[in-house]
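**Q** Next come the chains, spelled out residue by residue.
Number of protein chains: 4
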Amino acid sequence: MFFASDNSSPAAPEVLEAIARANEGYAMPYGNDPIMERVRSRIREIFEAPEAAVYLVATGTAANSLALAIFNPPWGSVYCHRNAHIEEDECGAPEFYMGGGKLVLLDGDHARMTPEGLEKAIGFTGRAGVHNLQKGMLSLTNATENGTIYRPGDVARLTAIARAHGLPSHMDGARFANAVVSAGCTPAEMTWKAGIDVLSFGGTKNGLMGVEAVVIFDPAKAWEFELRRKRGGHLFSKHRYLSAQMEAYVTDDLWLRLAGQANRAAARLSQGILSVPGASLVHPTEANAVFASWPRGGHRKAQEAGAAYYFWPFNQSLDGPDHEPLSARLVCSWSTTDQDVDRFLELIRG
Amino acid sequence: MFFASDNSSPAAPEVLEAIARANEGYAMPYGNDPIMERVRSRIREIFEAPEAAVYLVATGTAANSLALAIFNPPWGSVYCHRNAHIEEDECGAPEFYMGGGKLVLLDGDHARMTPEGLEKAIGFTGRAGVHNLQKGMLSLTNATENGTIYRPGDVARLTAIARAHGLPSHMDGARFANAVVSAGCTPAEMTWKAGIDVLSFGGTKNGLMGVEAVVIFDPAKAWEFELRRKRGGHLFSKHRYLSAQMEAYVTDDLWLRLAGQANRAAARLSQGILSVPGASLVHPTEANAVFASWPRGGHRKAQEAGAAYYFWPFNQSLDGPDHEPLSARLVCSWSTTDQDVDRFLELIRG
Amino acid sequence: MFFASDNSSPAAPEVLEAIARANEGYAMPYGNDPIMERVRSRIREIFEAPEAAVYLVATGTAANSLALAIFNPPWGSVYCHRNAHIEEDECGAPEFYMGGGKLVLLDGDHARMTPEGLEKAIGFTGRAGVHNLQKGMLSLTNATENGTIYRPGDVARLTAIARAHGLPSHMDGARFANAVVSAGCTPAEMTWKAGIDVLSFGGTKNGLMGVEAVVIFDPAKAWEFELRRKRGGHLFSKHRYLSAQMEAYVTDDLWLRLAGQANRAAARLSQGILSVPGASLVHPTEANAVFASWPRGGHRKAQEAGAAYYFWPFNQSLDGPDHEPLSARLVCSWSTTDQDVDRFLELIRG
Amino acid sequence: MFFASDNSSPAAPEVLEAIARANEGYAMPYGNDPIMERVRSRIREIFEAPEAAVYLVATGTAANSLALAIFNPPWGSVYCHRNAHIEEDECGAPEFYMGGGKLVLLDGDHARMTPEGLEKAIGFTGRAGVHNLQKGMLSLTNATENGTIYRPGDVARLTAIARAHGLPSHMDGARFANAVVSAGCTPAEMTWKAGIDVLSFGGTKNGLMGVEAVVIFDPAKAWEFELRRKRGGHLFSKHRYLSAQMEAYVTDDLWLRLAGQANRAAARLSQGILSVPGASLVHPTEANAVFASWPRGGHRKAQEAGAAYYFWPFNQSLDGPDHEPLSARLVCSWSTTDQDVDRFLELIRG
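Protein chains in written order, with numbering that gives the first Met the number 0: chain U, 0 to 349; chain W, 0 to 349; chain V, 0 to 349; chain L, 0 to 349.
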């Protein structure tokens, strides 16, 4: 009953096996290993993007920060949701890598920005000219930090607004697999066909040990990416171990299967919670995270039994009468079992 | 009838004379000129702060950015009002000088933050720990961008909240003189006695050609300031010309006299506008700027006669019926005359 | 016969096994896993430094850059050898992480700086004061980029000079194990007992997949390190996989055994080369790398047989008469076998 | 007898008068004043460069740092002489503004780099690729820090090497006027006709209070310059006072007349020193600075009489027998008189 975060789940067995296989003999360093060659081809195939530049790094913060830094100048504004990971959870890494930049924070229900909100934010001119930061780029998180998703049409509407102002678009896809599975679309439909220029293609939260790909659909910025990655200390000498993980991930749709499992677990959990008297959802459950509220009595039982999850917002207290509801975040991963879910539901039903 | 900005007014005659006097023979460079020695003493005297470190730079953006950079680390948040100059008008200079940092934007009427808003913003913890930016410092603009002021008691209440969280406080005093004159307090009461650690003591908008002092009340950060100033290209070799301007400014209360003149002109303008049928104030007039609304007919007359000022917000149109009011910003300076004001009032009265 | 670099060798079997063991169930993220707890204890024990702060990152560039950044301000000079990895192989990462800084390049035979050279460099004042970068810190690479080592006495002499000027000292120990084994000293003798303040304790080149520890002997800078690591995107969510590698490394002296094997292979190779007519050493062989020169005929035979290594300097041509010597770098690792070495020697003997 | 530096001389009377004239009424801020319009035209005319972008800043460090930052990326190397002002006297400002970058230091007599040295430095590849800083740009200081100059042919030979590697070229012309006067060439011949892409066109050391122009011959980088200038805090609101100084400077060849006066004074001083028994020149006198050596007895007489100048290198002692020579730097400016020179010569002759 571990729902604290998908970043606490183990790596999938296929991934461990791939690493073991990669551990034979000598391999060229720094991404020149033959596995990476295959990874690049496979990712281009998956995304129907034969020209895309594909790179691996080991953390999502690195993927996002580097992806933003190659498109947004030090004096550019990045339009993102107020709850975006780049704003809330990266301790200023994007600004560090961009050498400046400013995140302009948009509101929007369920961690999704709206076309109207984006148009207003980008259209705002203030005392235009050299005194302000310049319009820079758009960054969408998909799946969002609230467990919702943008569908391809949503993405397209937002990137079209950015493009109309001459701005490129980034997708933070730390949970990209969960979003794609949920939307039932192709990776291409969710990204470049919907106007995305650069994607952080997450693996770590979905069964890898620690690998994210950055997919740059127009490779003009590829060399700059390589230099920035190196300067950031994110170019691995023994790169084959990143390559091997990612190869396993994109082989035989492992990434989609793992995400499917996580999403199904979340759906089961979400539906189960809704059947608890006094419970309700805080955000719709569209990917692998459930944001819900249920009576404190159920919380107490679950916690006594060792269930791991966060109250959401964090700084809430369990104190209070049994029937009074309290909201929480429950994140499922590829390794969440039906038994975990069912046992948890039993507990909170009191 | 020039009310576009106080940064468009000329330098006071005393300042020109001081520069001419300073232009005799050779002088030690980089702030080692004897005039600077006197400036330092005089500013310490004015602020009743015999230990304060005092430095000169030529722009307000430099003063603010350097003042923030010596107190706020690259991973620190600066709490400021949403309309602060450091957010809206410096193209990211504070973040550039801090090597990161993030401005946390607070709301509040008339460009003033409230104790409640500040407490809430600083108290917010989110997913506490290493993932977030850390609590950094407070920055107040006084007089504010809306022509209002914080009185010493207001300042003290806000800095006390910051201090309770271990945070230092900065005052952007680009219009410090106008605020002090308006509040009728001493410079010390408005700053260190009210908890301010570092002040941008503006001169440019109030009769100098281009000089701002940075007053650091605890001199422990003085050497770091000097290094950052040099690295920013803001250490003048022929420093005597900055010193001379500032000496004139702090001699015989010139700075207070000039600000008094600007404030009185604004008050006259403000009261005059209020007597125009259909006119109203957008913000209280507490310093040298008037934010008011009056009928478009009056705007048309004023503009035809060559009056210079900005609609506020900027992107408004003059189109519309004569009686329909339109809001504007009018900034007075030491050189605004009663005749200017009265002629302008006559015009907008239609 | 792979001598191109130790970063191309596989991971040791113990390391793979540790990763597999770590892959059970859920684990707290971001370094809060129980394995990391044990790693910290064990490294403190090995270094006889019960207070030391210990952190893991995945690349040597990250370890060095972060280690330098917590000690050297943006306006500080880092004194290092002209051939140091931080100067030659990190694409400016140290300067990026320090937010400035300047590497002052010292000469010295065999990639070792001398006390005289260091004293002269630190003692140099130029136009002292605010116009110059300030004296910052010392950085030693041990083992060096030329396969030589500093013994504890050498380290102590150099750090004493730095300390006399108030400067801290860093050791880039990407090949720390090789240096310690070669010197026959304890880890403590090579580091804090010899005046080192912060160590990049390398694992990647010596049998890990990609882990380096940063050991900060005085933990006062620990929190700053954590913030900088996060901002750099180097805090792993699934940290247990770094922890597991490092635990295997420091268990049962694996790190020393692997390095011993690499050093012995290099010694065997070095001695063998010296017995080739026309061959000579370019640098003494003191760790796991051999810098030697031998006739082009031998090079041709080795290359035809598929031996992998670099000419050194790089931009040399194989063209020329058979007897004319050409210099090269040969790096051994834990996985270099006697057979590899002997077969190679046979080939170059012609 | 003030020869410590040209940055200690006063402003020329024409400059003060221009400032007084500019101090009439209101003027548009931020470089939109009508004087700047004329300055731009006049500088384009002087440089025969009708498309050039022309900007003003107040310090040489700002001019150099911004000029480099628009051409050199954070991962680029700037090739400059070891004694360049950007290396020795700006406390890392260029690296701060470039967001990285590295100065590659070239040797060369009399502070002049040689074509051979430059070719070797740029041609050096090391472990080419992503691991190193990339080739960035060339920066020449003219007149040099040793009082010598590059003639147009020298400049052209060096920029041609840079260009052959695809690199742009910067000229630090803090003493550009002295170099042009000495070479007897046109400003165009010394700059864009000789391959210079961006010039720091100094005024401060040659009779202004504190103004330098940056002349960008290809205006494609103009907008980026404006943003970087603003972010650096170097955009003046009351810009007219910079404009006025520069207008005086480029009117009626004032800049050339002032530099001619300084150069003539240096020549007189240099020749006079050579006639002193035991004296010799350390560097040829080609602009406004004299580097010479003469007996300690003469030094003592000069210093007792109050002559101001620096021993060169700085850290020399006056102790020693009267006849033993000691080297020094003597800088003349537009305000150095024949009487000053002659009196000084009389003193050191003993």
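If you are wondering where the hints come from, they were derived from the structure by calculation, not from laboratory data.
Fair warning: this is a prediction, and the values are worked out from it, not measured in the lab.
Virtual Cβ for every residue (Gly too), placed ideally from N, Cα, C.
Some hints here could point you the wrong way.
To be verified - Taking lysine to any residue pairs in the SDA-like style, the calculated list, with each CA pair at most 20 Å apart, reads:
(1) Lys300(U) / Pro283(U)
(2) Lys119(U) / Ser316(W)
(3) Lys220(U) / Glu50(U)
(4) Lys119(W) / Phe313(U)
(5) Lys220(V) / Pro72(W)
(6) Lys220(U) / Pro72(L)
(7) Lys119(L) / Arg156(V)
(8) Lys119(V) / Arg81(L)
(9) Lys119(L) / Lys300(V)
What the hints assert, rightly or not - Simulated restraints on C-beta separations:
(10) Glu36(U) / Arg162(L): 31 to 41 Å
(11) Asp321(U) / Gly165(W): 50 to 60 Å
(12) Glu345(L) / Glu23(W): 20 to 30 Å
As the list claims (entries may be wrong) - Sample of chain U residues with no beta-carbon within 12 Å of chain L, all distances over it, derived:
(13) Glu13
(14) Gly30
(15) Gly99
(16) Glu115
(17) Phe216
(18) Glu225
(19) Arg256
(20) Gly277
(21) Leu317
**Q** Compare the structure with each hint and give your call.
**A** So, going through the hints one by one against the coordinates:
| no. | hint | result |
| --- | --- | --- |
| 1 | Lys300(U) / Pro283(U) | violated (25 Å) |
| 2 | Lys119(U) / Ser316(W) | holds (18 Å) |
| 3 | Lys220(U) / Glu50(U) | holds (12 Å) |
| 4 | Lys119(W) / Phe313(U) | holds (15 Å) |
| 5 | Lys220(V) / Pro72(W) | holds (14 Å) |
| 6 | Lys220(U) / Pro72(L) | holds (14 Å) |
| 7 | Lys119(L) / Arg156(V) | violated (35 Å) |
| 8 | Lys119(V) / Arg81(L) | holds (16 Å) |
| 9 | Lys119(L) / Lys300(V) | violated (32 Å) |
| 10 | Glu36(U) / Arg162(L): 31 to 41 Å | holds (36 Å) |
| 11 | Asp321(U) / Gly165(W): 50 to 60 Å | violated (39 Å) |
| 12 | Glu345(L) / Glu23(W): 20 to 30 Å | holds (25 Å) |
| 13 | Glu13 | holds (30 Å) |
| 14 | Gly30 | violated (9 Å) |
| 15 | Gly99 | violated (7 Å) |
| 16 | Glu115 | holds (29 Å) |
| 17 | Phe216 | holds (21 Å) |
| 18 | Glu225 | violated (5 Å) |
| 19 | Arg256 | holds (35 Å) |
| 20 | Gly277 | holds (54 Å) |
| 21 | Leu317 | holds (47 Å) |
Comparing the model with each numbered hint stated earlier shows that hints 1, 7, 9, 11, 14, 15 and 18 do not hold.
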